[in-house]
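*Asks:* If you read the protein sequences in the order shown, they are chains A and B. Residue numbers for the first sequence, in the numbering used here: 1 to 604. Residue numbers for the second sequence, in the numbering used here: 1 to 390.
Hints were generated in silico from the structure; no laboratory data involved. Note that the Cβ used here is the ideal one computed from N, Cα and C, for glycine as well. Not one of these hints is a red herring.
Below, simulated BS3-like cross-link-like pairs (lysine-lysine); rule was C-alpha separation at most 25 Å, straight line:
#, chain 1, residue 1, chain 2, residue 2
1, B, K185, A, K590
2, B, K187, A, K590
3, B, K285, A, K226
4, A, K307, A, K72
5, B, K185, B, K103
6, B, K207, A, K590
7, A, K592, B, K207
8, A, K300, A, K72
9, A, K586, B, K185
10, B, K267, A, K590
11, B, K187, A, K586
12, A, K592, B, K187
13, A, K590, B, K271
14, B, K119, B, K135
15, B, K64, B, K103
On the chain A side, residues computed to face chain B include the following (Cβ under 10 Å):
#, residue
16, A359
17, G428
18, K436
19, L438
20, F499
21, P504
22, N505
23, I506
24, V507
25, K592
26, K597
27, F604
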Amino acid sequence: MLIKNTYSTSTQPAIKNTGESDEQQLKDFETLTNITKKIRVFDTDILTYPQLEKEDVDNLEQHITPLENLVKQKHMVDCDTLSDKNFRQNLSDYKAIGLQASQFLDGRECNVTESNRFLEILSQHKLRDNIIHNEQLGVQVLVKFANDQQKKKYLHRIMKGELLTAFCLTEAVLSKINSIQTKGTLSDDKKTWILNGEKSCIINGISADVLIVVALTEIVSKDIIKEPKLTAFIVEKDSPGIYYKKIDSSVEVADITFSDTPVPVENIIGEVNKAEGIITSIVPEFRLSTGSACITLTKKIINNLAKNILQSSNDINVLFKTDAIRGKIGEVATDLYAMESAVYLTSGLIDSYENQDCALESAIVKVFCAEKCMDSSLISLDLLGAQTISDSHWAVESHKEALRYWTLYETNDSLKIIVALLGLQYAGTKLNETVKKLRNPLFYATYILKRMWSNRRNIADNPKLDLELAEYLHPSMYMAAQQLEYCVKRLQFATEMLFARCGPNIVNQHMDLRRLAECIIDIYVMSACVGRASRAYCIGLQHGDYEMLMATTFCIKAVERVKDNVHKIYVGEVNTNDVNYRTITKRVFKHKGYFPKHPLTRNF
Amino acid sequence: MFYRKLIRYTSILYKYKNSSNYYTVTNFVRSLHSSLVNYEEKNDREYGALVHRNAFQEVDNKNKNTYLEMVKIFINRDNVYRRGHVEFIYSALKNMEEFGVQKDLEVYKALIDVLPKGKFIPTNMFQVEFMHYPKQQQCIIDLLEQMEENGVMPDYDMEDMLVNIFGNKAFPLRRYWRMMYWMPKFKNLSPWPVPDPIPKDTFELAKYAIERISSADVNSVVTVYQSADIKDSIDDTWIVSAQSNSQVRLLSEHNVDEPVYVEGSFKVWIKGHPINYFILRGEPKPIVDEDIDQDDVSHIEIPLFNLKPPVRKHLKIIRSVHEQEDGVIYSLCATGTSSKDSLLSWVRHLEKHGNPNLGKVPIVFTLRSGTKEVVNAESEEEERSQLEEK
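Here chain A stands alone, though its shape is the one from the complex (with noise of 0.2 Å):
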């Protein structure tokens, strides 16, 4: 291995970079120096889970405790609106809004890794994810990017549970964050901007005091194409030109309509037409915060499951000890600890260093979380039965909350898509040689003769795995380690096929790109999962020979996913289907709806 710790800003040796794979890999290669040669190896260091200080924790967990109680008081379960100054007051009382904020606004300047912490706490009240949109969007725009005056202005009192933000970014039509509509223009004088347009769908949208609302200022063109810059504006709630639009809906969203609302020119954050900068790095700890949730309402899913089960056991029919209960709840409990193992190891990836681009890792976060979640709420009502006929049941209440990590702005399947393509961009730049002598196979006659040698192997999915990843993980994990190698190399596989296949026309390959995500993901959190195990096993935790075995479990899952999807990604799309859903849809799409005729239709 040719990277060692030769990174300036660790400050811990073991923890460090990222990259889940090769192309992730590649990623690191670009940071780091003096490294020419050898560039499709796994980072090992990704094995070295990642912790926090003995202190860190200890404090942590002082006041994770009191929050916890607080969360569970009787009037703060009742209280059903993120509007009640009372309920954010008493937030605010123990510090949890604002988490990231600096010891001088009174904030506790938590790293990620303790925000996230804190935030699964607070994803135990139901009003989750008015809380998560609250901090993680609104608040962190001020942490981040907002000037002294701002912060005093808004921020602090926001922290005082006095004010709520809400992040105006969505609209009715927006495909992509470039084609938003509302417009800003600066008046005559220049001590203002005037705001046009319609955001849709924004949390805490009626109750929120503060709007952050995101805008096209200006657009320039190059050539033929038009590039929007966008800005940050603090929209005060009673500034002129402001209507609202309630949404049905348990969480509380609105439409709100701006025409003509003057915003002064101090109230934009950050820089004029610099808010895209703002927005990509926000989302992917919003996208991490997604995570934290997950965990709490999967947890929960999870223990009222078991505790349902033990219930309705008896003497006659012991429940809890067949095969069909074990099954189920046994892989829940696999894929809760897989969530828990990306989260934090995501966490103390953007911790360890500054500026880290984590991207990638955070949505791959948020699909599997969000997947996962659902999976579990799926299996509870499965195992609970007519009983969750009720709208009130639990089951149904989670899994109605589950429903929302799936489309909440960015839907899993874009996103998705998102995780494969910037996969596929670090890779790109490194593999671009070798896709060009691949796509002119007669122009590189020898070397495409030499690669369907060296490359037998892979055909044959037998690929050989001399990464030596094992020798970084406890020695029970030598299983598992063989399988996440073998999967990275699938991946390498996978991915200098697709290159060689579409070129750079693989953005529009989306079926292909899906396939690649979940390989992608997979592959993450496996590493999460041994990674962890291998931690919790050394070092003794409890329950550590547990992990190892949950750890073991989820990789021989995964290790078939990668499989077959590297598989179906190799034999093409004819093989596949693709080809026969493009077809199929092209003719939906032109009768617009479903078309055969009734199977009792006669032509005779």
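Fit chain B to the known structure of chain A by using the hints.
*Replies:* Quick look at chain B alone, frame taken from chain A:
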């Protein structure tokens, strides 16, 4: 086996039936031979049976009922020998269109029913091979061909009739089976199906036509306007217009100094009915050839916060189906009168419904019907005066 037996028995039955008829009738005729008057009467009848070829033309009220009546008259006139039935069927086939029954299965079945049952069934393989009763078989084959040409699909009843007439080895049967194999397959192949029978109303037909043409873009919306809704319009007729979102966008991007053209009329055929349609066209856009390296994967761009699946960003905007080499097509219509006035109303309707740009651009009418006339519509008044001049 069952079929063969069935056919044999039916043929025997028919033979028996016919022969019994024969006897009774011959007896009947013989008994009347003593009278000269009756003899002449019979001659008359035979003569009538021979000249019925022109009978179809002599009918005043030509419709399905009178047609079937003619067939019935023929059958009843000479129930025994049914002389000249092949000629009768040919002349009936020839006159179908005048009666408007060429698409009616019932009529074809009535014609087939004219043939005697059982008589033509071959009894050995040589008869089968040498086309037993060739004239009759050929006649029915021609009938079936005419059915096919008119797109009339036979049914299983017809199979039974043909089996009873020719047996299941005959050529008409083979033709029937071929038709039953292919015709259902072709029946629904049209990507733009129209109801069968097709409505006679031009308005309905125009709607089908415009829907058919505009289906090039799945997002097209077909709207029906009334020209009377536009102030000052002379005509009072319908306008079926089609425009999609991307056409609205293209029109809004149109340079107001350059004219748009109303062109037509072009013809589209809907099941034998011609429909005139017109297009609103702009000058073609220059084609920008994008020169990108299809092997370069080092610059994959990713939108950072995507709510829909991302697609590859191109250096140029992807041309829509409306931007053709010879022009950009902004909209499409058919009107009740195809007159210039109705087209003007159409343009004004488009302007009112989401295309304000049309009020500013010069509109040139290049209509092919009659003499070529050019109308430049700077403003509605000017346009109108010019129109009136012409």
